[in-house]
Each structure stands twice: as C-alpha cells, then as structure tokens.
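Protein chains in written order, with the UniProt record's numbering: chain D, 1 to 286; chain V, 1 to 384; chain S, 1 to 327.
Check before you lean on any hint, since a few could be wrong.
What the hints assert, rightly or not - Under 7 Å between C-beta atoms, here's a sample of chain S residues computed to sit facing chain D:
#, residue
1, Val30
2, Gly33
3, Ile36
4, Ala103
5, Ile104
6, Ile127
7, Ala129
8, Pro131
9, Lys219
10, Thr250
11, Ile278
12, Ser305
13, Asn309
Stated by the list, open to error - Dumping the calculated DSSO-like pairs for lysine-lysine here, alpha-carbon to alpha-carbon at most 30 Å:
#, chain 1, residue 1, chain 2, residue 2
14, S, Lys206, S, Lys219
15, S, Lys206, S, Lys318
16, V, Lys367, V, Lys315
17, V, Lys364, V, Lys376
18, V, Lys157, S, Lys65
19, S, Lys318, S, Lys219
20, V, Lys315, V, Lys376
21, S, Lys318, D, Lys103
22, V, Lys141, V, Lys167
23, V, Lys141, V, Lys157
24, D, Lys12, S, Lys219
25, D, Lys133, V, Lys315
26, V, Lys157, V, Lys167
27, V, Lys364, V, Lys315
28, D, Lys133, V, Lys367
29, V, Lys141, V, Lys165
30, D, Lys194, D, Lys103
31, D, Lys12, S, Lys206
What the hints contain is simulated information worked out from the structure, not anything from laboratory work. For every residue, glycine included, the Cβ atom is placed at its ideal position computed from N, Cα and C.
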Amino acid sequence: MKTLRRRQIQDKIMEGLLVVSTITILIPLLIIIAYVVYNGFGALNWSFFTEELGSPARAMQGQPTGLVHTMIGTLVVDFIGLVLAVPVGVGAGIMLSEYPEHKLNPILRIMNDTLNGMPAILKGLLAFALIVKPMGTFSGLAGGVALAFVMIPIIARTTESSLMTIPWSIREAGLAIGLPRWRVVLSTVMPAAKTGLVTGFLIAFARAAGEAAPLMFTSFGNNYLPNHWTGMIFGPVDTLPQRLYSLAISPYAQWHQMGWAAAIVLLSFVIILFVTARLLTRQKNY
Amino acid sequence: MQKRNLRNLLPVMAIMLSVAIFSACGGRSGSESSDERRAARAARVDVLGAGASFPAPLVTAMADEYRQATANRVTINYQSIGSGGGIRQFVEQTIMFGMSEAFLSDEVMTNVESSTGGRAFNMPITLADVVATYNLPGISKGLIFNSEVLVEIYLGKITRWNDAKIKALNPDQNLPNLPITVVHRSDGSGTTNIWTSYFSRVSDEWRDRVGMGTSVNWPVGVGGNGNEGVAGAVQNTPGAIGYNSLSYALLNNMSYGYVINAAGNVIPPSFAATTEAANIELPADTRILFTNTPAPQGYPIAGFAWMLVYENLDKNNAIANESEAVELIEFLIWAITDGQELSEGLGYARLPQAAIDRNFEMIKQLKWNGEKIGEKVLNRVLNS
Amino acid sequence: MNESTKEILERPLHGVYRWWGDRVFLAVAVILGISIIALGVTMAWVLFREGSMAINEFGVWGFMKGRVWDPGVNFVFGALPFLFGTLVTSIGALAIAFLPAIAIGIFIAEYAPRWLGGIIENLIHLIAAIPSVVIGIWGIFVFAPWMREKVYMPVFLWASENAPSLLPIIGTPIGYGMTTATIILALMIIPYTTALTRDAIRQVPKEQREAAYALGATKWEVIRMAVLPYARGGILSGAILSFGRAIGETMAVAMLIGNKNTFPFSIFGPAATMPSVIINEFREAVGNLHLSSLMAVGLALFVISLIVNLIAAYIIRKHSITGGQAV
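All chains should be modelled from the sequences, with the hints used to inform the complete structure.
Dropping the structure here:
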C-alpha cells in the first residue's frame, strides 16, 4: 500500500510529465512556423506577386521572377474543386443525417471515412485515369477534380455532424405545420446549420489547398500564365503546393528562396482559412 | 476532345469578333490600339512541351528569350518531368514536343509509324555531359579515372580509395585509405541514363547485371534525390563518389574527375570536349549514343538531349491547327540556331555543326496534312 | 428519435408537391451519397485495372514479396521494400507520437485552464493544417541538415571508431533517411490522436470522476483509473487513424526519406515508402510494366488504408459510449 505522500509525489510527477510532453510537441511546431515566417518574408518581394516564373536563369541572373501565375492557378483549381465537391458532400451529408434509417448509410459512412483517410496521391491517380487520359491533356479541370476527391469526404462528414447538432424538435416543428420533409431540410435545418456547413467547406478547402500530391499528374504545372483564360481550365496550370515542391527539390539556391516565399504564402492562405473556420465555430457556440 | 476544339475555336471567334468590332468602328481613331491589342492577344500561341530535366534550364531560358523575341506572342511552356515522362507523353500525344536524353527505341519508332503514318524525329537540341564528382580531403579536381575503375567502383569491387588500380592512374596523388561511398540518383534521371549507358558500353558485366536506363537496380551505394541530392551526399561524406552534370558541378564548386577516353587520352571535362564528342559520323536520324566516343579529344560520358517531334504534325492530337505547327517549327529552328547562343552562359555545350545539319534535314520533312510546311518555314526563316 | 417524431415522419404523405418533392429530394441525396461509394469503388477498380498487368506478371504474393525493383534491365518489380518502408516509418512514427499525443489530450482536457487549453488545442490543430510540402521544405533545408550535423554524424563517427560492425545498420548519414522521415511523420500525426483522446475524455461522465475523487484518489489516479479506461476506445481509434495518416503521407516523406528502392535499409540511411515511390517514379516511368507496377503499389496502399479505416470504424463502434451513434 502506497503512502499518501508517495501518491501525491506521483501525482505531481505525472502532471510535470504532461506539461513537458505538451511543450516538447509545441516547440518544433513553433520552430517550423518561425523558420517559414522568417525565411519566407525574407524572400518575398514585389515581383513575387507580379511576375511569372520563367526559367531558372532568370532567378540566377537576378531578373525579376515570381509566382503570379501560380497563385492565380491555385485559386482557379481550388475553386473548381470546391464547386464540384460541395453538392456531392452536402448531398451525402443530408442523406446521413436526415435519413438515418436509409439502408445504404452504414456503407456510405465507412466508405466516406475510408476515402477521407485515403492517401491523396491515389486521388490524383484516379483523376489522371478519369480526366487526363480521356481528355488527352493535363488541365486545371483535372486538378480541380482531384482536389474535389480530397474535399468530398470532409464536406460529407462536417455536413452530417453540423446537421446533427440541430435539435429534432426544429424538424418536428416544421413537419407539424405541414411542411414536406424536403422543405423542412432546405428551409429550416440547413439555414440553422449554416455556420457549421460553411465551416466544413472552409476546412475542406484549406485541407485541399495544401495538397501537392494529387496535382502532380493532373494540373501538371506551367511556367507562365496561359495566353487565354480558358487555358486555366483546359490547359496545364501551376499551383502553389506543386510548384513549392519542384522549387524545393531544384538545384538552384534562388529557387529555394522562392520556395520559402511560396511556403509563407501557402501557409498564410491555409491558416487564414482555418482561423476563419474556427472563429465561425466559436460564434455558433453561443 | 470536344473541350479542346472549343478552346481552339476561341482564337478564331475572337478574331472574328475583333474584326467585326473594327469594321463597325470604321477606323474611328482611339479604338484602334485596343483592337490591335485584342487581335495580338488572339494571335498568341501556347506551345506545350515536357520531358528531360537536364536540358530544362536551357529550354526554359530559350522559352523566356523566345517570348521576348516574339513580343509575348509565343509562349513555350516546358515542364521538366524526366526523359521517361517526356517519351510517354509524346507517345500519348498530350504534348506538342517531348524532350529526352534517351532516343526513341525501335519499338516506339515503329508504333509511331503505324499510328501516324509518319516517323518520329529525334532532333538533338543540346548536349548532356556527366562528370564523376567526389569528396576526398586534400584532393581537388583532376583525379584521373578510366572506364574500368569507374565501373568497378560502381559494382562494389573497388572499395577503397588507395586501391592499386586508382593509384596506378594517379601516381602523384596522395590517395587516402578511405572507404568509397558510392552515391547515385534515386529518382529516374537522364543523367543516370548517360552514366549507365557509358558503363554498359565499356563493361559486359555491367551491361548484363545492371544495364542502362533512367533508373536502374544499383548494386551498391546510397541514393540522392536529384542532382542536388547526389551533390549533398557527396559533399557531406568524405570518401564519397557520385555523378552530376558538368554544369551542376561547376555551379557548386565540386571536385570532379578527368576520364581516359576510348582513344586513350585523358580528357578534362569541358564544353568543347563535349561538343567534340558528338563530332562523329551521325546517322540521318541522329539516334546514336556516343558515350565512349571514338572522337580522340571527346569527353566519353556525354550524349544528346533530343527534342521529339512527329513527322506528320497534324497527327499529333496536342497540335490543334497548322499555325500552331508552324510556330513549333519556327521555335525549333530558332532553338538550334540563335538559341544555342545561350548555351555556355548556362553551362551547356553547343551542338556541333553536324547535328545542326541533320536537324535541318529532318525539319524539311515535317508535314501538315501532307504539305511540307517544314521546308517552307525553314526557307522563309533562313532567307529573312 | 422519439416516438412522436417517428409518427410524424411516417405519416402518409399527400399532395404532388409533398410526394414528388420528397421523392426527388431523397433521390438526389441518395444519388450524391452513392456517388461517394462509387468513387471509392471506382478508385479500387481503376487501380486494379491499371495494375493488373503487374499483378498478372508477378502474382499478388510474388509482387508483394518481391524484394527487387529493377526498371533498368530485368524489369522485375517487387513491392516489399516499399511495404517495409511504409510500415516501419508509420509504426515508428506512431510509437514516438502515441504517448505525447495522449499526454496533450489529457493536459488539455483535465489540467489546463480553459484559455490555455484553447490555445494549445488551436496550435495542435495548426499542425494538421500546415501543408505537408511546407513541412517538407523545412525538413529539407533545416531539419535534415541539423539532424546530420548534430545526430547522425556524431553517432556515425563514434561507430566507425568503436563499433564498425554497427555501420551497416546505422547507414550513411546523409541526413535524408528513415529516421528523419519518421520523426517528421510523428509530428504530423499527433493532432489526430490528440483530438480523439480529448473528445473521448470529455465524454467521460462527471459522476465517474466524482466517485473516484470521493474515494480519496489523487488527480492522476482519477485519470488513470476512472477516465482513461473509459476513454480507451477513442484513444485507440485515434491512434489507428493517426497510423492511417502516416501510411498515406506523401510529400513530406518523399522529400525527406532519401528514396532508395532497394534493400538493405538502415536506420539513418535512405529508404522509400509506397506513396514516395509513386510520386517519384510515376511521371518518369516509361515502360508499361513499370507504370503498371506503380499502380499496383497504389492498389496495395488502397487495400491497407481500407483495412486500417475499417479497424478504426470497428473500434469506435465497439468501445464508444454510445455504440457508434452520434450523440
């Protein structure tokens, strides 16, 4: 039988251990962010936002070079993905939460979770087989489809859980005044769950925006802005995560600098999305 | 394909629109410049190419230069996806031209001929040279290797730097008793292709056991990802040997070795020695490996980087119309003539005249719907 | 759902607006739901179709057991090095991350004041939010060189002086390798375990704790005896989901593992994982069999992921307080 003293000491030790491990994990995180912020802002300059990449010779000879085409391309591809993913994800979420008795739900839930945990690179391979091969060319559209595959399971999940938070009494009230079920879902439940839904979209969008693996075989990359705006959708497009990867593994110090700059831009973009999502969730809690 | 057609129609529609607006305006001054701009934009062309990463800095620099030379009218989007990727996308007709450090195999050539009714051309664009880089305390560049020593190091048979065979080649050097750490590329690479093609040519054992290719099953050694991965591993490991392109070794102040060529001469790697290596009797289709070159002053570990183009350009799905084909040909001619001026500044050897002549012969045969547009464009460009 | 809801929901429907509206609405939702199932099935089918050439050539087990990946001469492809690399890095990452991740979960839920817990929670979420290429670029330029200088080189030099027989196990200290990748992976998967641990702990009823306190237990004893056993389902499924993440992580690993396709692997030396070999070789592969083998590796990755997720789903259902239903 342990004495009270020993038990109290053990209690303190465990508390100390918990604090220490928490700090140990947070330190590398802060180091990563500090490095990205420090190197990234050091490498950012005006031409980064206004010029196209071109050849490495440009960077090595100190000519202005940047990633304007990459940032535009990222937005285009990400939004194509979002537009494609939202209907599918929301539909599946509605099916899971509003029709809990549906026979397909258990399969859908497991398949959705599996897809969510599936390596993003496989989603890229799928989009390559489904879009790039039949279309015969790499395209922003194919990249958007690959990102949609990343977003869909997340949106389905978050839609389900945010619709679930709406009490059944609200639905009952709607049904009681004679509204059909679909009107209840569309006009009562979904507006009530609006913030939750939007938060889910933002999280999915942010997660997809950071993915490089699905884009390597789909949107492919481009050193310039396409000559016509349609080239953004039907032609090869540059995106930040994929360009960041190729800059980082390139043999040029100047491109490594641009890689850091791309990293701070990408990180800021993703963090802004996440912070917005979290602020929205906080509001909802009132 | 429908979507591509739509995209191809857009310039036409834009031209029609701008013409309509222009005629409606009836030459009213002020709107003229914006119409011109719109017409100029409609006349713009994107040329998509992809392939080998070794010539990528040169080709993208050519693209920058060419874009300026054509006042932003022609954009060459070249993505470095590796030689293998360049060949595959070329065959799948998703790109207008491919780029590779390995020429097309007979099998691919036959397939292309049966599917498009014309040949696939391998046109030399630049030269790739690979040097042995090493990290030996106290020894800078200029260690002398021959084919036997390099192969045996990479087969794991020579394991120490003070091996008798290395000593015999370098009697003046104070070779340390260090274990040799072999470093190779871990990703697929045209540099590996040239390096292993040299080994396969000089050693039967290497050819039968390992062979040549953009990635092979290495008998010994550690992998580095990219030129940089190899360089990093070499520079951080005393006793390491690796291989890099000459331009990369120069750029990063790495120690690199001299190699005894087939004629028995010690050749310090240089652009001139690389160009010299290609100065041999070239076949009409330029599909030749000249690693272990017979040229007496040629550096033995070098090869062409080829641009891959269909003879019947109209049969390539990636090329939508004749004007795109003409733009591609014009760029091609520019790249092997004026474009070569960029070579030395970026660390590349120039094409030898023999290769340029062969290229002209091939360009003359390029066709659009049976019409020899290649010859037409070539005559126009050379006469202007 | 209580009785009155059910009655309302099952009340006979009338009116075209109501009848058709509900039918169409349900049909659309079901079609969209099915499209997700179809997506999963299509993914498996496409990977199988593209990978079938390699599977036919080497057989399922021959492919999985094959130790040689030779796209140069013999065109023999075996996935064992990548399977091994994936499992070792993922298990290693989980082993490193498991206890600290749970510790943070406990700290947030039980010890930290509300404001601090909120901050830490957000920071942990941030780890999951950082794109893996960003972690990768930090790894390439900061972490790998640091590890080489401060860890690998000293150990390597010590071993070459004192225990040369260990050198093949330790491997070449180039900085990129299995250990570097595993540590980075460990950091990247922490949020998933932490989040589920915290959720599970928060669901433990107050009475459970109060009963333990009433017996005179210290805070740690309450956690150990009353809280953790109750939350073990959540913790375990969190760990498995983390493991699933580690298996599928592509970019950061491909940038840091050094990419060596052949055995033997060593502790510090380079290796490869299933996602890393796909990303490195897919664009480069020219041979049909090479390409097909990469697809077959993708299929193996799919199957492993599916199994891991099924296990996680099973554990959540079995151990969770509500039996798998959302509360």
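Consistency of the hints with the structure:
1. Val30: holds, 6 Å
2. Gly33: holds, 4 Å
3. Ile36: holds, 5 Å
4. Ala103: holds, 4 Å
5. Ile104: Given a least distance of 5 Å, the restraint on Ile104/S holds.
6. Ile127: This hint holds: Ile127/S lies near chain D, its Cβ roughly 5 Å from the closest one there, short of 7 Å.
7. Ala129: Holds, because the Cβ-Cβ distance from Ala129/S to chain D comes to roughly 5 Å (cut-off 7 Å).
8. Pro131: This interface hint holds because 3 Å falls under the 7 Å limit.
9. Lys219: Hint holds; Lys219/S Cβ to chain D Cβ min 6 Å, cut 7 Å.
10. Thr250: holds, 4 Å
11. Ile278: Because about 6 Å separates Ile278/S from the closest Cβ in chain D, which is inside the 7 Å limit, the hint holds.
12. Ser305: holds, 5 Å
13. Asn309: It holds, given that the least Cβ distance between Asn309/S and chain D is near 4 Å, below 7 Å.
14. Lys206/S with Lys219/S: holds, 14 Å
15. Lys206/S with Lys318/S: holds, 22 Å
16. Lys367/V with Lys315/V: holds, 10 Å
17. Lys364/V with Lys376/V: Between Lys364/V and Lys376/V the Cα gap is close to 8 Å, so the pair holds against 30 Å.
18. Lys157/V with Lys65/S: Answer holds: Lys157/V to Lys65/S is near 29 Å, not above 30 Å.
19. Lys318/S with Lys219/S: holds, 28 Å
20. Lys315/V with Lys376/V: holds, 19 Å
21. Lys318/S with Lys103/D: Answer holds: Lys318/S to Lys103/D is near 20 Å, not above 30 Å.
22. Lys141/V with Lys167/V: Measuring from Cα to Cα gives roughly 16 Å; hence the hint holds.
23. Lys141/V with Lys157/V: Holds - the C-alpha atoms of Lys157/V and Lys141/V are around 23 Å apart, at most 30 Å.
24. Lys12/D with Lys219/S: holds, 9 Å
25. Lys133/D with Lys315/V: With Cα atoms ~17 Å apart, Lys133/D and Lys315/V stay inside 30 Å; holds.
26. Lys157/V with Lys167/V: holds, 15 Å
27. Lys364/V with Lys315/V: This hinted pair holds, its Cα atoms lying about 17 Å apart.
28. Lys133/D with Lys367/V: Roughly 26 Å separates the two Cα atoms, so the pair holds.
29. Lys141/V with Lys165/V: This hinted pair holds, its Cα atoms lying about 18 Å apart.
30. Lys194/D with Lys103/D: holds, 27 Å
31. Lys12/D with Lys206/S: holds, 22 Å
Figure legend: structure checked against the earlier numbered hints; every hint is met.
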